[in-house]
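Chains as they are written, first to last, in the working numbering: chain A, 1 to 150; chain B, 1 to 150.
One or more of the hints may lead you astray.
Unchecked claim - So, partial list: chain B residues that the calculated Cβ filter (under 10 Å) puts toward chain A:
1) Gln25
2) Asp29
3) Ala43
4) Gly46
5) Arg47
6) Gly124
7) Leu126
None of these hints come from the bench; they were simulated from the model. By construction, the Cβ of each residue, glycine as well, lies at the ideal position given by its N, Cα and C atoms.
2 protein chains.
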Amino acid sequence: MNVLATLSLATAIATLSVPALAQFQKPEDAVKYRKGAMTVMGAHFGRIGAMANGRVPFDAKAVADNAALVETMSKLPWPAFAAGTDKGETRALPEIWTEQAQFKESADKFQAEVAKLAAAAKTGNLDSVKTAFGAVGQTCKSCHDNYRKE
Amino acid sequence: MNVLATLSLATAIATLSVPALAQFQKPEDAVKYRKGAMTVMGAHFGRIGAMANGRVPFDAKAVADNAALVETMSKLPWPAFAAGTDKGETRALPEIWTEQAQFKESADKFQAEVAKLAAAAKTGNLDSVKTAFGAVGQTCKSCHDNYRKE
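With the hints as extra help, turn the sequences into a complete structure.
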């Protein structure tokens, strides 16, 4: 890679990361924030799962409400994976920062599947919800397998 | 209190608490969830504060986006203060459960002020945002003073 390309890449990475960390006073605030967002998102996703898997009776409105919330939450964690937030109480793997493009692609894929789940939830059709729920679950797992410590 | 009144109160408390905790597998899940929701809510509220206090240039769209998110988040923590979730890694004071009506009133007041902040944010008027931000901040402080350990 020549110097110009390196500089250009460095600028691109800085553009991605600096405004994000600027939203947090300290790196540990970003870590706490993204963990909080994941926890809330996971809880509401889990409530849809309980209905998709038949553990709880299907309630179309509850599914739609939870899916809308998951969709809102699905946009939040990513800017908090800013440069310098790879330390402390986090299970985030270094690959998040060394493979930024792939990590972003995974996050984008997840958000796209969540949007489909929210759309399916609005139809009130349990089969559509089950399919969309499974697809989202795959993107969760894939990203956790690649970017989260055991 | 006679037996009927006692039973009736017990039923009322069970009605309040059981469906809430039923949303969580374990009490510690509820604690983690409500802390996560508070963290995310606080981060976005803080971003409005930075603009209300002039530390960051006023950006009407950013204020509106953050206020909408705070409004969504403002509804989440309360069901997670379910019966049996007063232990573990929590700063929640016992009064949350011994003064349920007052606690609910405080939470309702907070949500009402947050709704006003979201409405003010939509107008794009900085002075309205400042006023509404201050009013929300008062409800945060009051509830934390009464119901959260130092």
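Item to complete: Mind listing which of the numbered hints don't hold for this structure, in increasing order?
Response: The structure breaks hints 6 and 7; every other hint is satisfied.
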